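Note that the protein sequences, when read in sequence, are chains A and B. For reference, each letter of the first sequence is one residue, going -11 to 486 in the working numbering. For reference, each letter of the second sequence is one residue, going -10 to 425 in the working numbering.
Just so you know, these hints were derived from the structure itself, not from any lab. Treat the numbers as computed from the prediction; the structure is a model and nothing was measured. Check each hint, because a few of them may be wrong.
[To be verified] Straight line, CA to CA, 25 Å or less: simulated BS3-like cross-link-like pairs of lysine-lysine:
| # | chain 1 | residue 1 | chain 2 | residue 2 |
| --- | --- | --- | --- | --- |
| 1 | B | 20 | A | 46 |
| 2 | B | 409 | B | 396 |
| 3 | B | 368 | B | 356 |
| 4 | B | 20 | A | 8 |
| 5 | B | 94 | A | 259 |
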Amino acid sequence: MSNTQSIAPVPIDQIVKATKIFSQRTLAPSFGHGFLPYFSFKQGYLNLNNGSYGALPKVVTEACNELMAWQEENTDFYYRIGFIPPLINVREQLAKLVGASDVDELVMVANASTGLGLVLRNFLWQSGDAIVRCNTTYATIYKTIQYIHDVTPGVQISEFQLIFPTTPQAILDRWTKHIHNVKRSSPQGKNIVAVIDSIVANPAAAMPWKEMVKICKDAGIWTIVDGAHSVGQEVLNLADCGADFFVSNCHKWLNSKRGAAFLWMPKESQKIMLTTIPTSASYVTPGPDRPETNIISQFQYNGTIDYTTYLSVHVALQWREWIGGEAAIHAYCNNLAREGGKILAQTMNTTVMDPNGEFTKAMVNVTLPFPSDFQAQYDPSIGTALSNKLLAQNKYAVTYYHNNIWWTRVSAQIWNELDDFKTLGNALITICGEIVTEHKNANVPQDCKADSFHLYLQQPIRGAVALDLNNGVGAPRPITTTKVTPVGYHTHLASIRP
Amino acid sequence: MRECFSFDPEYINMNHGSYGSLPSPVAEAIKPYYALAEANPDLFHRFTSIDLIRNVRERMAKFIGAAHAEEVVFVPNASHGLNTILRDFTWNEGDIICSCNTSYKSISTTAQYISDIPPHPENAQFSILFPTSHTKIIQDWRAYLQSLNETRAQSARELGRRPKIVAIIDSIISVPGALLPWKEMVKICKEEDVWSVVDGAHSIGQEPDLNLAEADPDFWVTNCHKWLYAKRSCALLYVPKRNQHIIKASFPTSHAYISPEKRDVLNFVEQFEWNGTIDFVPYISASCALDFRAWLGGEHVINAYCHRIALEGGKRLAQILGTEIIDEGQDFQFTLNMVNVAVPFPPTMSSDFEIDMAFRRKLLIKKKIYPAFFYHNGKWWTRCSAQVWSQVEDFEFLGEAILEACKEIVREFGDGSEEKAIREIGKEVENLTLKI
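Just chain A, same shape as in the assembly (with noise of 0.2 Å):
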């Protein structure tokens, strides 16, 4: 006797205005500088680090503030029904970009940590389980593998060594072994699950990821790939790839606002979910009442989170459509990466790690010009010291310790341009020599204060509410200020995070 009334779906597109530019003839800029306008960052900042915390376009951030908007305006139909029928949508969109099969094998989830973190969670792990992972994990899922070690007594972790410079094959043959010497010592039945990045992110390396995942299907281990890099970078065909999960972040190469990334998982691996962390309302208990699509379901709502991020993904697709489309925005990324980084390295005169650009995309990784003896140890401070000079001098590339090397991972985004390359590289000229120098006169700040880096942070920060006259609220305006105080070197923050 019900009697349901079908409620129309309210399409993004009507909801924001801010992507009226789009279906301007106007033609977007060329790739490089011209596209400095259509971002947000500080005057003068070069940034050649995408590849940490991505970048919104101007036009993406006005839609999300008309979203957030939308959000506010009935807040109990939002929650309700509202950003049910836009965010399936955006779901079906990046089903079609990664070339899954359903729409029903993709849900959106916070980051990539939190996806991996999930699929980890998941499984019922048992004394005689193995975990393979790398000394290049991330190091959310390096520590996640830790924790569940740590917690269910004869879980083993076995790690594979990657070690730059190296060749895919050369790869490819030390993992067959790696993994042909795990299952053979793996007692029968027991699970052994292999978390492999598709893009490495330090070093910065596309690995053959597939055919690692290849080699682990054939012996019948699960695969859960970390593809954060992935999306916006490389072109993806999950149906294909053999993978049993596969996570990678939006808001990294895509364009989206930070806090959105997808989880797939093929029907197949479904049945390895149970829950949803935090469990959700519609969790049910394992067993024959529980329908097949139910962790499906249960991805929709878990929590109150502010699902902007996910929906801003439907307007990220329609900016990079815009200027361009997927495969000339890649075309122009990898290739400058790999002519940005000759330049680098020819200023700096060190070198390329990946002279065939066998393993490079659009982030490429050039050596430091340090004595070699200075690098022989690893010494955290001259991370810190690095990552806090280059903010200094409003530039940003990353720098991490590998092999007894210190060395720059450098982004190649749509607004770059050669010319960065060259500027970076007399920069850490410059950099480096004064690391090396206050090494030798042990004469490493206390508190690691550059001058321009302490003037860089002089603004207070206004905390508080400004009610604006012009706005006709009419109310007075209380301010208290929030200085931000510059703390030093964050030696483990900086160095790992890449």
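Keeping the supplied structure of chain A fixed, place chain B upon it in accordance with the hints.
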């Protein structure tokens, strides 16, 4: 006051309790932080946001009366905080996880999940049925924990070791929106050697003068985006130092995680400072929200108004509907800023979720007004939230709308008397069959 919020002008917001509301001044105040995040993403995410959030954490710790700032961290929402706690316990056979029939649904399912996986701790449920009183609940709680302790003693004999009991207690239940004597219940937990995990989702900004160091629960979480006006999503997880060893890892696990046996200092705060890239500005917004609330007059002024409107509005609504407020027999001791009024359905009315869906169509969509509806102890109720923009007139408008909706719903779904009659005939037939 509506000028300070950005609601659709035709929408009367009577359900602030579910998702909170972001005041326009707070939305404005956080714009500079969003600008910073894009001006230099590396500087913001590696340094600036970390420092800012540390300051805000300290401010929030003071606000809730924690003994140390290091006992308070940010999490995305209360469900996330509670899941972190419950998953970090090392569960063993014989352990008991105890929730209530009135626990928030997803927390009940969390307890269910934990019980579903090995080693299958027992999932127990304490029952609260309104109308009731604080005194009765306290009495029943003590008796219940004592009975759980008898079960535990029996298990201890069988297992050769003493299992643990973990109780999840709401400070303020969601549906009905009801303040529980949670501090007394926490005390009783201590007396009965039971862990107290308090779901304070609705507390901050509604329950004035929180003093956690005094109340001393074992764990406590609250949503800042509900009654405190922070941006979604923003919540606090409070773990006193003595219990931080229980929290082995955040979710997701942090790069700062150290294996418990290698951990020689508490690294609780470090583990929660970075758990993957998210939008960090909601955490910062909690501070802006406090500034706005101070400007409005402060916690007591805000809550005095909301409480008064909840009671006056609730009484008016009950008058119009010809029904009652859930705790009017107990001098409204359960009512803070949310008031629960019975819906004028016949007593046989179905408890089906379809009835709630019907209210959504008729009230939320058609009339642009919507309080929460729920079925409890044989009746349908509505839970109305009173906020700084609320007026008694809103309850009058709501009353008329509900009356109309109820008539329509009974017409569409029937009043359940047919089903009841069928059930009774069925029983009669059964009895006759047995006699034969």
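Discussion item. Hints numbered earlier in the text: which of these fail when held up against the supplied structure?
Written reply: The structure conflicts with no hint, since it agrees with every one listed earlier.
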